[in-house]
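Once you have looked at the hints, place chains G, V and R with the ligands on chain E.
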Amino acid sequence: MQLPVYLDYAASTPVDPAVAALMNDCLGRRALAANPAALGHAAGRAAQALVEKARAQVAALVNAQPAEIIFTSGATESDNLAVIGTAQFRETRGRHLVTALTEHKAVIESCRHLAARGWRITWLRPDADGLIAPAAVEAALEPDTVLVSLMHVNNETGVILDVGAIGAICRRHDVLLHVDAAQSAGREVIDVRAQQIDLLSLSAHKLYGPKGVGALFIDQERVRRVAPLLFGGGQERGLRPGTVATHQVAGMGEAFRLAAERLPDEAQHVRALRDRLWAGLQQLPGILLNGHVGQRSGHILNVSVAGVEGESLFYSLGGLCVASGSACTSLSNEASPVLRALGRPVALAQSSIRFSFGRASTAAEIDFAVGCVVQAVAHLRSFSPVSVAGG
Amino acid sequence: MQLPVYLDYAASTPVDPAVAALMNDCLGRRALAANPAALGHAAGRAAQALVEKARAQVAALVNAQPAEIIFTSGATESDNLAVIGTAQFRETRGRHLVTALTEHKAVIESCRHLAARGWRITWLRPDADGLIAPAAVEAALEPDTVLVSLMHVNNETGVILDVGAIGAICRRHDVLLHVDAAQSAGREVIDVRAQQIDLLSLSAHKLYGPKGVGALFIDQERVRRVAPLLFGGGQERGLRPGTVATHQVAGMGEAFRLAAERLPDEAQHVRALRDRLWAGLQQLPGILLNGHVGQRSGHILNVSVAGVEGESLFYSLGGLCVASGSACTSLSNEASPVLRALGRPVALAQSSIRFSFGRASTAAEIDFAVGCVVQAVAHLRSFSPVSVAGG
Amino acid sequence: MDYSGEVALHFAAPRHAGALPPGPGTLVRGEGGSLEQGAWVVFELRHEAARVLALAWQAWGCPHTIAACSLAAGKLAGCTRAELQAFDALSLRAPLDVPAHKTGRLLIIQDALHKCSAAWDNGG
Amino acid sequence: MDYSGEVALHFAAPRHAGALPPGPGTLVRGEGGSLEQGAWVVFELRHEAARVLALAWQAWGCPHTIAACSLAAGKLAGCTRAELQAFDALSLRAPLDVPAHKTGRLLIIQDALHKCSAAWDNGG
Ligand SMILES: Cc1ncc(COP(=O)(O)O)c(C=O)c1O
Ligand SMILES: Cc1ncc(COP(=O)(O)O)c(C=O)c1O
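Protein chains in written order, with our numbering: chain E, 1 to 391; chain G, 1 to 391; chain V, 1 to 124; chain R, 1 to 124.
Rather than coming from a laboratory, the hints here were simulated on the basis of the structure. Heads up, some of the hints might be wrong.
Reference listing, derived: stretches of chain E covered by chain G, where coverage requires no fewer than 3 residues with Cβ under 8 Å from a Cβ of chain G [unchecked claim]:
1) 76-82
2) 104-110
3) 230-239
Sample of chain V residues lacking proximity to chain G, with all beta carbon distances greater than 10 Å (derived) [claimed, not checked]:
4) Arg51
5) Gly74
6) Leu76
7) Cys79
8) Ala82
9) Pro99
10) Lys115
11) Asn122
The following label-pair restraints were derived from C-beta to C-beta distances [claimed, not checked]:
12) G:Leu289 to V:Ala50: 50 to 58 Å
13) R:Leu9 to E:Ala378: 30 to 38 Å
14) E:Asp191 to G:Asp144: 51 to 59 Å
We treat Cβ as the ideally placed atom computed from N, Cα and C, and that holds for glycine.
One chain only, chain E, in its complex shape (with noise of 0.2 Å):
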């Protein structure tokens, strides 16, 4: 076992041994040195050979058409893309947004952007288990709506949406729906079609690909344009310029290639984890689980210790990379605001760890990890002034 223990999986994935030994290649070889846009030479037709292979790969993973996947440098800016984008592209339209509190930070400083130029934003709060009902999306809807925004699964909970029902909901009130899918790509299934959904933001990064890579889906007939966020030389369809990452972006295709490959196999072996991990804890007491215990993704359980304080007890799990917190809002260490939204008391908010693991993670490590929570607890509530019922 290698220490620390890494179980921040959601905020990272360590690049699959195929992807990087693809990668090297790539980056290593003189015949794909070529920048992908030159095709007027044979380089330059080989990378973007390359490009375009990884962009039907991606698709195939969401059951999308290869011309509908836009590569990014990341799932930040294929939100930024699918929001921003979206309300400025149909601004004639109408100039109000539906989307959650308990949403990335891409989308929710996006919309942010948007409210301070003039667009409405409803922030729908999710129930105390994290979830959104299709039924408080149709209600949220007004009649110059023109995109519903909510992630599939949640990056701090796990919280699966239904995003389906949304979507067949957006459709009947002819609205787009973005769905940011940078958690839940190749492990829970997604269909654009059948789940209906217009616009989807992807990232390599969280999916055992390279970081600084991700691709926004755009439905060809529903959407067709989004207004860019940057300007120049016209590639991804004038969406995106810039030179694309030809290693990067065929590294993003392997890694969902695999992951597609391996789905079912890999969300078994990640829900035994979990359950294993929550098996553990649970002799603790005065830990809570947050979010739905049963509408969620195998790879992240998240927990509150009653009784004990957030700082410290993050601190006295030296020995396991986890995360207090969004894995992207750890460089401040304000209680989480998705936890807050969940009705969490800043206290329970504060004290949260997210545990998240992937392909390979070993039981061994959960059972390591379970041990340092449980001494960790141990040690701090010996001097707390707290009482734990049941503690």
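Structure of chains G, V and R with the ligands alone, referenced to chain E:
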């Protein structure tokens, strides 16, 4: 000699083997897989340390402070952030910008985007040699000018602007200067302090680093902030959200470190190859050098061939990977707008070839290229109705 | 830009390309296009007894233009006056796989050939 | 977040931590802070003849808070009434390298100790 001969270094360079090795190591090591924003745990801090090392390496090449470097997805994004971000952040101070017709599309399209939103743009036209006199920049300044954006080495012609003289003028008039240094970094000496540059765009893949990563230098005192174009998790001082791609940034850092080390030797190497190429091509009657004969960077040679049509000329050079017009516009085959701005007629702008070379280029490759061109031109002229003086 | 194998072959070894060497028969000449139009084509032929004795072309244009001149010249070598008059340059589109946005180039060739034919009719 | 080696040592093996076991002397108690303030500290001590016989603390707070309680308790074990009165929790800042934005936590400890001292003065 590997065929086709790659002479398109200005479009993209092969990754240096040392850079590729470092990136591969970074991709393969599970201990570096974490999100570099996950500062709460050891794995995140290890990744962050690599990012900060790279930031210092990039800063060193241009004599900046590490804190003044923001990592982006490439020079296209850096250009957008510099031009649009500065304009938006300073819009209450003034809405006038100065740039040139010979800029890269990333700057041109960013300026067009601003122009459509009420900014005024002065488009400087270069002289027939592709140069823009500092006095012409000064003459274009208006009381409400907020930014001058000009590239250091032109990506099509290789001509070098005197950015130091332009920097002094901008400083005197209290206008910010943005320089696109995608082609010049590591090839010409850049010193943001001595040359009084306020914002500087950099790209890794033009300098033996990976595609899909770049940087923007932002002078801490003079500029401080620009308006971000993307919104999210607050990375890169809130100016560029999204998980920082550790392996990409580390690769860029190593590439820039190597470039700093090798700059004088490599500049000499490419200059010798360029002179050899030009000497060889001058055997041909009706060959014209595009851009100033002396004030030019060593890695680019751009010529027009009279009496032959561009597409056929380019097609005849199947053994060479060269560009006809800008690398970034080679998706289309209009006559190069840059050469048109130098006053070349359409036919000559279209029959231009840009040769660009670098670290791995050899004299044998240059000689081969000369042979290819001489033969192709002879073939095309053998049935051309256009007569060429001396041909 | 994609070029078919046919185009590649004609481009590499164009038939009847260049200036027409002196010889017997009556010379006629026809031009189409211009540098501004992106293709400039000149056909020359010598005829006698309502039959083409020899022909040649010069072209400044893209590979499709050059291949089309070569293919047309091959077909017209030794043809009759009637065959020249009946020749349709658009028929070259299929064998050379000329993309739609380039059919104008074929019309430029048609134009040059038409002028040859007209000169011949006018006693040239 | 960076923690000094001193903080790490105190955090791992805090001195006088937990509930105060029964024993001789007069018991006084002082609290500072709350969950809402991000730190909650309780000091208890037993004294006799103007001297601390035993003391202990409980804390819910960050590692700096816990280390500061431990360090303070170590310094105050066996001290006189005057020494307790004179104790300045801000003096813990330097040895523990407490960052500026966390000095409030030291004031919470000061508060708890001050209440102990006041209770003692009031005959507790
Ligand atoms: C749900 C979700 N959306 C978006 C992102 C941003 O992804 P990226 O790091 O590729 O920008 C993340 C991860 O940080 C995420 O978990
Ligand atoms: C001068 C110049 N600026 C900007 C760019 C864009 O760089 P990137 O491909 O990193 O977006 C290029 C290259 O295409 C360039 O040559």
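Results of checking the hints against the structure:
no.	hint	verdict
1	76-82	holds (count 4)
2	104-110	holds (count 5)
3	230-239	holds (count 6)
4	Arg51	24 Å, holds
5	Gly74	14 Å, holds
6	Leu76	16 Å, holds
7	Cys79	21 Å, holds
8	Ala82	28 Å, holds
9	Pro99	12 Å, holds
10	Lys115	14 Å, holds
11	Asn122	22 Å, holds
12	G:Leu289 to V:Ala50: 50 to 58 Å	52 Å, holds
13	R:Leu9 to E:Ala378: 30 to 38 Å	19 Å, violated
14	E:Asp191 to G:Asp144: 51 to 59 Å	53 Å, holds
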